[in-house]
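Protein chains: 2
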Amino acid sequence: MGEKQIRFGIIGCAQIARKVSRAINLAVNSTLYAIGSRSIEKAKKFAIENGLSDSVKIYGSYDEVLDDPYVDAVCMPLPTSLHVQWAVSAAKKKKHLLLEKPTALDTADLDQILEACKSNGVQFMDGTMWVHHPRTAKIKEMLSDNELFGKLKSIHTTSTFYETDEFLENNIRVKPDLDALGALGDVGWYCIGAILWATNNQLPKTVTALPALTRNQAGVILACGCSFNWVGEEEEDEVATFYCSFLSNVSMDLSIYGTNGTIHVKDFIIPYQENSASFDYTSGAKFTELHLGWNVKPNKVEVASEVPQETVMVQDFARLVGNIKNHGGSPDDKWPEISRKIQLVMDAVNKSIDLGFKPVDL
Amino acid sequence: MGEKQIRFGIIGCAQIARKVSRAINLAVNSTLYAIGSRSIEKAKKFAIENGLSDSVKIYGSYDEVLDDPYVDAVCMPLPTSLHVQWAVSAAKKKKHLLLEKPTALDTADLDQILEACKSNGVQFMDGTMWVHHPRTAKIKEMLSDNELFGKLKSIHTTSTFYETDEFLENNIRVKPDLDALGALGDVGWYCIGAILWATNNQLPKTVTALPALTRNQAGVILACGCSFNWVGEEEEDEVATFYCSFLSNVSMDLSIYGTNGTIHVKDFIIPYQENSASFDYTSGAKFTELHLGWNVKPNKVEVASEVPQETVMVQDFARLVGNIKNHGGSPDDKWPEISRKIQLVMDAVNKSIDLGFKPVDL
Chain H
1 MGEKQIRFGI IGCAQIARKV SRAINLAVNS TLYAIGSRSI EKAKKFAIEN GLSDSVKIYG
61 SYDEVLDDPY VDAVCMPLPT SLHVQWAVSA AKKKKHLLLE KPTALDTADL DQILEACKSN
121 GVQFMDGTMW VHHPRTAKIK EMLSDNELFG KLKSIHTTST FYETDEFLEN NIRVKPDLDA
181 LGALGDVGWY CIGAILWATN NQLPKTVTAL PALTRNQAGV ILACGCSFNW VGEEEEDEVA
241 TFYCSFLSNV SMDLSIYGTN GTIHVKDFII PYQENSASFD YTSGAKFTEL HLGWNVKPNK
301 VEVASEVPQE TVMVQDFARL VGNIKNHGGS PDDKWPEISR KIQLVMDAVN KSIDLGFKPV
361 DL
Chain X
1 MGEKQIRFGI IGCAQIARKV SRAINLAVNS TLYAIGSRSI EKAKKFAIEN GLSDSVKIYG
61 SYDEVLDDPY VDAVCMPLPT SLHVQWAVSA AKKKKHLLLE KPTALDTADL DQILEACKSN
121 GVQFMDGTMW VHHPRTAKIK EMLSDNELFG KLKSIHTTST FYETDEFLEN NIRVKPDLDA
181 LGALGDVGWY CIGAILWATN NQLPKTVTAL PALTRNQAGV ILACGCSFNW VGEEEEDEVA
241 TFYCSFLSNV SMDLSIYGTN GTIHVKDFII PYQENSASFD YTSGAKFTEL HLGWNVKPNK
301 VEVASEVPQE TVMVQDFARL VGNIKNHGGS PDDKWPEISR KIQLVMDAVN KSIDLGFKPV
361 DL
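Line order of the protein sequences matches chains H and X.
Under the UniProt record's numbering, think of the first position of the first sequence as 1, with each following residue one higher.
Under the UniProt record's numbering, think of the first position of the second sequence as 1, with each following residue one higher.
So that you can see chain H by itself, here it is in the shape it has in the complex:
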């Protein structure tokens, strides 16, 4: 283990922890140092099933991970309702925090976490992986090109997958005491994040939930949608819509429409495959003579990825941690600010739903 390697602890052995532990192992600047579960048996089982090295410490409680002085940073794939308690505890113990999304049940809760990170000088980042993919930077490059794309006019995004009846009754992501935000928190998080990302994190002026909503018997959202609007230059409105669901075939659409260009991504959250990802764009589209066709067809842009996007995320995070740990740097505020805006908008979506799909000003 190199001196400069950031040592990670993972708290909680949910399904996503498997992906995260693999990502840490693949990251050049990170090492999986410890895992902790509520029982030592569960932690050992996780270690065996995922072929973890014998050098990884196995703990039978979350506290032991946080109390281990060699742990630099923790990943926390816990149910959302447990985030405040364990994230604040981690920050107080000076552990840098890579927190699973949704970051909290609401902004008030998230603020407790962010305040603890700030006052303890630790880096915060949420576990949204797609923003770290090199494709994402390539799309942003195009969005920022006034000639190719022009001014942003509208966005539509979806995040859906189809779940079994068993999941819809029993999974933690639909339990009011564990992940009360349901599909809005689990997959709507990505939609809201993508919309904010595309608008350079400008909060919308109003958030209006779509009058179409499905809940399970416990009242947890299984499917919902929302519209956002901004007032742009020249008093022209910009608009975004999203739809998220546990009840629809897998989709991860991100379509962005500008005055000069259009961008389509169909797998923005999890690319079809790990080593490369693509998106389509048209620019300067016009109709041919007599409107018989188009002057351009979509261009496909392929972007290679040397390592999986979750590994890029871990590397990006570990670099910031390393800067603090080894070079006396300060935490980068960019990441908590992004998470907080997503959470703020999510609160507004929830409020709009509660008000019967009325507009909520931000």
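Honestly, the hints are just simulated from the structure, not real lab data.
Treat each hint with caution, since some may be false.
It does not matter which identical chain is used: a pair holds within one copy or between any two.
To be verified - SDA-like, lysine to any residue: derived pairs with alpha carbons at most 25 Å apart: (1) K300 to S278; (2) K57 to D68; (3) K45 to N170; (4) K205 to P359; (5) K205 to K334; (6) K205 to G219; (7) K300 to N275; (8) K151 to Q217; (9) K140 to Q202; (10) K42 to V84; (11) K151 to D361; (12) K334 to E115; (13) K138 to K297; (14) K286 to P134; (15) K138 to L292; (16) K138 to T199; (17) K358 to W230; (18) K118 to H132; (19) K205 to K358; (20) K93 to I338; (21) K300 to Y272; (22) K341 to L355.
Given chain H's structure and the hints, the job is docking chain X onto it.
Showing chain X alone in chain H's frame:
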């Protein structure tokens, strides 16, 4: 000219008339018989510019076309505000009617036209071309496949193009006295039509305009959006959204999301090219182990078109006219019913906008 050829008259020499006259000439069962403009000079100019045969009658008024006993059917690419007057007049003179979209300023106006068609036994069809493309039937086949697609959950569609400042001030499509419906009528018509088409013409339960709207100085809509919802089986909501605009790069997206499948079309109104068109679908999409990718990538389906979609439209229409004219058949009610539902929904969108983006029940 074969006995069975349907003889068309075109009233008005707008840009779209050029496409329609070409379509009639390409149609196997149709002949362009006469054109009429408000001035004989304009009509002659149109005939020369479009290389019309010398046998085509050139009239300096609309009435002369309608009074010509050899004219079986008329196409009417006139500003929407003139539709009632001229469409009713045509129907009274027993001319079958292929009417440009939007069909009327509102349903009350359209009902006058449909009533005139019904009482005079003439066929009505609106000039929406894309529904006649063989690709459209292929997509519907897939939508109807319970295994491939499953139950419909959501739809998003766009119809946008980017217009010059000159257009936005002077074109008839943004003049309150000519095409008062603006972008909603001109391009939103396609979005509403596509949504109804995908739902087998089930009217939504509620229509709610999106709180994002751009008008020109005369108050005509240049960009707007809307959401629709239905209550499906098991009390689960289905939802659709659209966005239409004269202020955004050309886009014609139709994305349809079901429990088992997803369909994406990016050029649904005017295919990129005339001789074939495609769409993408995924079916049974799942994440691979550890959610590292997808088990399937989109399949592309290419559908060849022997003749342009507008020619298919003319042929479909002329076949119905021929059935009435030559075989004593009755007008097919399917087409006026489709148009009327689109117009009804468009009225509701307008009403929702007028009410400040409140839901409107249908």
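Hints, verified against the model:
1. Within a single copy, K300 and S278 get their C-alpha atoms as close as 7 Å, and across copies as close as 16 Å, so both meet the 25 Å cut-off.
2. For the homomeric pair K57 and D68, the shortest alpha-carbon distance inside one copy (10 Å) is at most 25 Å, but the shortest distance between copies (93 Å) is not.
3. For the identical chains of this complex, K45 and N170 are intra-copy neighbours only, at 22 Å inside a copy versus 72 Å across copies, given an alpha-carbon limit of 25 Å.
4. Taking the shortest Cα distances, K205 and P359 sit within 25 Å of each other both inside one copy (10 Å) and across copies (20 Å).
5. In this assembly of identical chains, the alpha carbons of K205 and K334 lie at most 25 Å apart only when taken from the same copy (21 Å versus 43 Å across copies).
6. When the C-alpha separation of K205 and G219 is checked against a cutoff of 25 Å, the pair qualifies only between copies, where the shortest distance is 22 Å, while the shortest distance within a copy is 28 Å.
7. Within a single copy, K300 and N275 get their C-alpha atoms as close as 16 Å, and across copies as close as 22 Å, so both meet the 25 Å cut-off.
8. In this assembly of identical chains, the alpha carbons of K151 and Q217 lie at most 25 Å apart only when taken from different copies (21 Å versus 43 Å within one copy).
9. Within a single copy, K140 and Q202 get their C-alpha atoms as close as 15 Å, which meets the 25 Å cut-off; across copies the closest is 39 Å, which misses it.
10. For a Cα distance limit of 25 Å, the shortest separation of K42 from V84 inside one copy, 23 Å, qualifies, whereas the shortest one across copies, 74 Å, does not.
11. For a Cα distance limit of 25 Å, the shortest separation of K151 from D361 inside one copy, 23 Å, qualifies, whereas the shortest one across copies, 34 Å, does not.
12. For the homomeric pair K334 and E115, the shortest alpha-carbon distance inside one copy (15 Å) is at most 25 Å, but the shortest distance between copies (63 Å) is not.
13. Taking the closest pair of Cα atoms, K138 and K297 come within 25 Å of each other both inside a single copy (20 Å) and across two copies (21 Å).
14. Taking the shortest alpha-carbon separations for K286 and P134, only the inter-copy value of 23 Å comes in at or below 25 Å, while the best intra-copy value is 30 Å.
15. For the identical chains of this complex, K138 and L292 are inter-copy neighbours only, at 21 Å across copies versus 32 Å inside a copy, given an alpha-carbon limit of 25 Å.
16. In this homomeric assembly, K138 and T199 come within 25 Å of each other (Cα to Cα) only inside a single copy, at 15 Å, whereas the closest approach across copies is 37 Å.
17. In the homo-oligomer, the alpha carbons of K358 and W230 lie at most 25 Å apart both inside one protomer (16 Å) and across protomers (18 Å), since each shortest distance falls under that limit.
18. For the identical chains of this complex, K118 and H132 are intra-copy neighbours only, at 23 Å inside a copy versus 61 Å across copies, given an alpha-carbon limit of 25 Å.
19. When the C-alpha separation of K205 and K358 is checked against a cutoff of 25 Å, the pair qualifies both within a copy, at 13 Å, and between copies, at 17 Å.
20. For the identical chains of this complex, K93 and I338 are intra-copy neighbours only, at 24 Å inside a copy versus 66 Å across copies, given an alpha-carbon limit of 25 Å.
21. In this assembly of identical chains, the alpha carbons of K300 and Y272 lie at most 25 Å apart whether taken from the same copy (15 Å) or from different copies (15 Å).
22. For the homomeric pair K341 and L355, the shortest alpha-carbon distance inside one copy (21 Å) is at most 25 Å, but the shortest distance between copies (30 Å) is not.
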